[in-house]
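Trainee: Going line by line, the protein sequences match chains A and B.
Heads up, the first sequence is in UniProt numbering, so the first residue is 1 and it goes up one at a time.
Heads up, the second sequence is in UniProt numbering, so the first residue is 1 and it goes up one at a time.
By construction, these hints were calculated from the structure, which means they are not laboratory data.
Predicted, not measured: the structure shown is a model, and the values here were computed from it.
Among these hints, one or two may not hold up.
Said to hold, decoys possible - No more than 35 Å apart at the CA atoms, straight line, and that leaves these computed lysine-lysine pairs for DSBU-like:
no. : chain 1 : residue 1 : chain 2 : residue 2
1   : A       : K522      : A       : K461
2   : A       : K558      : B       : K484
3   : A       : K541      : B       : K522
4   : B       : K102      : A       : K479
5   : A       : K558      : B       : K551
6   : A       : K461      : A       : K618
7   : B       : K650      : B       : K618
8   : B       : K556      : A       : K556
9   : B       : K558      : A       : K556
10  : A       : K558      : B       : K650
11  : A       : K556      : A       : K618
12  : A       : K556      : A       : K572
13  : B       : K541      : A       : K461
14  : B       : K650      : B       : K541
15  : A       : K558      : B       : K558
16  : B       : K102      : B       : K572
17  : A       : K556      : A       : K461
18  : B       : K551      : A       : K541
19  : B       : K484      : B       : K558
20  : A       : K522      : A       : K650
21  : B       : K650      : B       : K138
22  : A       : K551      : B       : K479
23  : B       : K556      : A       : K522
24  : A       : K701      : A       : K461
25  : A       : K522      : B       : K461
26  : A       : K253      : A       : K484
27  : B       : K541      : A       : K484
28  : A       : K484      : B       : K522
What follows is the residue order along each chain.
2 protein chains.
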Amino acid sequence: MDSSVLYRSILCVCSALLLIFTLSWLQTPTAPPTFSRLFTPHPKLIQSSAHHHESDIPRHPLDPLTISEITAARAILFSHPPFSSSPSSLIFHSLALDEPDKSAVLSWSSGDSLPPRRASVVVRFKGEAHLLAIDLAKGSVSSLPTPATGFPTMTIEDMTSSAAAPLLDAAFNRSIIARGVRISDLACLPVSSGWFGREIENRRRLIKVQCYSSEGTANFYMRPIEGLTVLVDMDTKEVVQINDEGGDIPIPKSTGTDYRYEAAGGNEMARPLRPISIEQPEGPSFDVVDGHRVRWAGWEFHLKADARAGLVVSSAGVADPVSGERRSVLYKGYASELFVPYMDPTDAWYFKTYMDAGEYGFGLQAMPLIPLNDCPRNAYYMDGIFIAADGRPYVRSNMICVFESYAGDIGWRHSESPITGLEIREARPKVTLVARMAASVANYDYIVDWEFQTDGIIRVKVGLSGILMVKGAPYTHVKHFPAKQDTYGTLLSENIIGVIHDHFITFHLDMDVDGTNNSFVKVGLARQDTNAGQPRRSYLKATRHVARTEKEAQIKLKLYEPYEFHVVNAEKTTRLGNPVGYKVVPAGTAAALLDPNDPPQLRGAFTNNQIWVTPRNKTEEWAGGLFVYQNQGEDTLAVWSERDRSIESKDIVLWYTLGFHHIPCQEDFPIMPTVSSSFDLKPVNFFERNPILRSPPNMEKDLPVCTAAASA
Amino acid sequence: MDSSVLYRSILCVCSALLLIFTLSWLQTPTAPPTFSRLFTPHPKLIQSSAHHHESDIPRHPLDPLTISEITAARAILFSHPPFSSSPSSLIFHSLALDEPDKSAVLSWSSGDSLPPRRASVVVRFKGEAHLLAIDLAKGSVSSLPTPATGFPTMTIEDMTSSAAAPLLDAAFNRSIIARGVRISDLACLPVSSGWFGREIENRRRLIKVQCYSSEGTANFYMRPIEGLTVLVDMDTKEVVQINDEGGDIPIPKSTGTDYRYEAAGGNEMARPLRPISIEQPEGPSFDVVDGHRVRWAGWEFHLKADARAGLVVSSAGVADPVSGERRSVLYKGYASELFVPYMDPTDAWYFKTYMDAGEYGFGLQAMPLIPLNDCPRNAYYMDGIFIAADGRPYVRSNMICVFESYAGDIGWRHSESPITGLEIREARPKVTLVARMAASVANYDYIVDWEFQTDGIIRVKVGLSGILMVKGAPYTHVKHFPAKQDTYGTLLSENIIGVIHDHFITFHLDMDVDGTNNSFVKVGLARQDTNAGQPRRSYLKATRHVARTEKEAQIKLKLYEPYEFHVVNAEKTTRLGNPVGYKVVPAGTAAALLDPNDPPQLRGAFTNNQIWVTPRNKTEEWAGGLFVYQNQGEDTLAVWSERDRSIESKDIVLWYTLGFHHIPCQEDFPIMPTVSSSFDLKPVNFFERNPILRSPPNMEKDLPVCTAAASA
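Chain A extracted, bound-state conformation (with noise of 0.2 Å):
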């Protein structure tokens, strides 16, 4: 605790002044919440929605709260006691739908009028949280149980305000300027702090914040000022405590960091590669209907933005190719939680163990993608309407997009060889529907997809790119590393060490193969040996296990015990009497394998198995907790699942996570390209048979005609 009386007066002052100038740009709905200190927007680079929010009204039960509905909310908590005392002591951390009953939105067509609207909310007054749930057309408010342990989600302002907080303090000051950055280089990030515990985490909401030198380039995270860690109060901006080491690790001076086309020279740049793209001049075959349903060559969806879990997609289903009639497969899928803890115990180091969704807000910081670079020139691209710290909403631009999606790839072929002679050559082009968030978690970017095919399979895909956290380091060559010393991670350029991380996503998936009642069942191969005397000594035989509770269904991947994991209606199968059903097929994927009872895995418990199956719960929606800041990991999937609940012929959730590691490389510096994996939801007996069989064969007449550019 260096801080004194004095500089905590100034805090006081200053933080006040920083929420006066949060607010002003709360006024206006369509303002995203940024404030900008190093450099001036590009005009290019503001997005503006082509679509005014204003006038929106819900169409669908899962429709997201609309501008006037946040502000009726808003407006009923802020007139309901205790609140109503107060209403500026009142902050916002979320306010989105609270989704009807399944059953209320199963039994809906389009044209009745909606189920009652309601949102959930979580607000802080006082410093407590309540979960609040508003029934919107009686303005009545109920409230809900709170978890025993952690915060609420981030607000921005919380990020923000938190990351300033250590200029109000003259031992960082000093420590800065001891070092030779200048303050207007500046540029701090807010480090969830995690819970490792300690006494002083159970009392107040606390924060990390690490500082960066912008000097000379955009990318200031390849110049960190390494072993300077402020906590903060975040309630306060209090600064908690300063540990400063590492005063003799150089601020690493490695130039052409900045990525920005611009910063590179423009249009001088060599252009590599002639112009490419996706063309349907036709338009699209996908059509968006009320704004939110997708559909497409028979799948029809709900899409829609979430505050805390990006991209949601709901209701899923795809037309049966021979009845016609909507099968339903799945009820609502999203990335419910991230862990990524980076693998150095050190100081400034052991505590970066993020948990995106739940501490920052995987939607919150998921920017306007960029045409023609986030997304192909045919994309569709959809709005997110957040609330800020004080209740108001604000749209996103552009947080969605939708395209279809053609590679070159093939979706089913087969020629008849020489060894028949038949003169038969059929091949099918793989046309797919991608809908793609991207979220940029301070360095790091995220990029979903939800990728649809017309053989049924959907395919969620992550990508890692952005920037990586590095560490300051004295070392300018591998040489000089130490001989008996780790260094946690690889030199990627002088003094700037990238350190080994992981990265789970976990998604829920609520599945409704052909209706809610479904179970989960293993299909295992195994070796089975033959009668002596045989001419082969051993097949592999197929077996099904129903799992009854969940303990059955916590699944560790195993390569030599391959097992199918369907999730089959309990009631139905095909007319030949197999069950029906939808199998997730992993793809890379990596485990979670620190210390079961390190307080970060604790937290992360739900990256203990690849794969969970819980029966449907609203209250375990997220698998980190509700409330994951700072908690102690007493609110997670693991926990759950442990009651080991039937699971058997229930309306039940697939847990799936999807893992990387990460050992970085020079390849990965100054920003890293892409890298991807995936899992899929495919069906297994779901259909009588190839749902594709009758798709046609692309033909020159029917495909577009096209010059290049006028101004190539």
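Starting from the structure of chain A, add chain B where the hints point.
Mentor: Okay, now just chain B, sitting in the frame of chain A:
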């Protein structure tokens, strides 16, 4: 042995007739070796090569033999004793370029005269296999040792004539008629017989023939005549044995199995999607120099068709973005062998353990790609030149396609989030270059893509499509399945079981990471426990282990014992001291689970690990052995690797096996939607920094101007 002396005589006469028929289409070098039994080819389906190859001359040391070189090699052999004594007894199994020593290739520059052109030939003469090297300029022939067991890759004539052989057997014909199948509807497949350690197998080349009814459908694969297996002597065409069981199993009657566009009603079919196309009206960004050298975005590689491997990528290097210098990555990469064991040990199925490259010729089975459907509109096509059994060359047109792909994906991106409030939005589109082939080994279709990325990655992707090998069964519903008896698969339609099987594709990857002196390094990530009293209990630490000998590089992948697998240059580091490397990055795969001593697994022992590393050895090109057909597994990668030779600081070959378990489902009927997986070769401290940092964004002004097709 059911065949009588009479039938044997008829067989000989007919074989002679067949040979005459076979040879008749070998007169024109451009005619593919097919004979049509059931269908008249549709005019649209006949691919004609835009390029006539008679006047081709080789321009690069790795260029395949030209038509005139093949003709010359053939003439040399015909005049070489003992073959000159009876040229008509000489059967050509392969005749391809005998590649020059790597040192000669690496020292060659464009404009230099080529190293001496040699042919490597496998022939059989009076029943004996010969491996020969021919110096084309000198006209000299040298004889090389042949493997102890096994036979060369079948000729197309072996396959077609064997499949026809049972028709001359009276017992066979009686069985067919008794099952109610018209002989005119019969379609028979030659199924490699494997090796199971029985006396009968050592004396001669044997093949199993199984037949189908094509009544009412082009998709005869869905009409198996179950249980009838004819063992044929491939040389005499003699029926050695008939297994005739399952006469009570009906021939499945499913309708609507014909997948052809014309058969399905053609233009009357619903077209659910509007046209979509990858367009680059200014033309592609790659060029193909001298017919085989592909240059794109800094990449340069040699690309050719091969009768056995299918598609071969050679001499792949990438320009360093800083120095502009071309740096080698991969000297030679190709699918070395496949292994496809079916999981049914009963009489009619146990032997189905295909090794498609060495038995059937992965290139021989690769048919012309279908423009607009197998490859997008912007594709370039390359032909293959193969030989018939008489040594004459023929052209397989459009066997490979090369195209730039853009799926709307992101090469890298970063937005500054509301946390920092900076107005930075940068993203770059991801464009790749794909080289593709598709082999149809009777029923199954394998799509093999080599995808080159601007960030230095080479992604090798295998797609599986085509038609399942199914089993006739008495069941029309799962409820009829016997309680205790394994049915070996899934009921896909009435009386049709899709039998469980695996696919393994083993790639030979002769890595030359920035030169030929390479080492293989396992970079392990393992948990470290911290000292008591620290906030974190654990973290992951990376450790490097350089594999000294082959056994240290026999790798079984484990999710819970993760490694990165680097091939590094043993002499070069980055300026920071990191070893210059490429890593192999597995994605989804499957492991071999059969008894390692099961005869098929002994022969497919190259799948016992996912990764192997061997010192480069010209005689170790084919993972299952040079002569795979009916061999005993004594010449596999597993046997070579057991010698445990030094691999440190050597010219080494990395072998990666991509695997799939396939439990069929109804969606696979009657033709399978493509299932894909892949692995990456990815630069790891190969470049000093992100090589695509300076790539420009897409701009509207550069993109094409397209209108709907005139016919729309």
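Trainee: Would you mind marking each hint as holding or not holding in the structure?
Mentor: Status of each hint after checking the structure:
1. A/K522 - A/K461: holds (23 Å)
2. A/K558 - B/K484: holds (27 Å)
3. A/K541 - B/K522: Satisfied, since the Cα-Cα distance of roughly 34 Å is no more than 35 Å.
4. B/K102 - A/K479: holds (34 Å)
5. A/K558 - B/K551: Satisfied, since the Cα-Cα distance of roughly 23 Å is no more than 35 Å.
6. A/K461 - A/K618: Roughly 26 Å between the alpha carbons, so the hint for A/K461 and A/K618 holds.
7. B/K650 - B/K618: holds (14 Å)
8. B/K556 - A/K556: holds (17 Å)
9. B/K558 - A/K556: holds (11 Å)
10. A/K558 - B/K650: holds (33 Å)
11. A/K556 - A/K618: holds (26 Å)
12. A/K556 - A/K572: It holds: about 28 Å lies between the C-alpha atoms, which stays within 35 Å.
13. B/K541 - A/K461: holds (27 Å)
14. B/K650 - B/K541: holds (28 Å)
15. A/K558 - B/K558: holds (7 Å)
16. B/K102 - B/K572: holds (20 Å)
17. A/K556 - A/K461: holds (20 Å)
18. B/K551 - A/K541: The hint holds at about 31 Å.
19. B/K484 - B/K558: Roughly 34 Å between the alpha carbons, so the hint for B/K484 and B/K558 holds.
20. A/K522 - A/K650: holds (16 Å)
21. B/K650 - B/K138: holds (33 Å)
22. A/K551 - B/K479: holds (30 Å)
23. B/K556 - A/K522: Given that 35 Å is the threshold and the Cα spacing comes to 23 Å, the pair holds.
24. A/K701 - A/K461: holds (34 Å)
25. A/K522 - B/K461: holds (27 Å)
26. A/K253 - A/K484: OK: A/K253 and A/K484 at ~27 Å, within 35 Å.
27. B/K541 - A/K484: holds (13 Å)
28. A/K484 - B/K522: holds (19 Å)
Violated hints are absent here; each numbered hint is respected by the structure.
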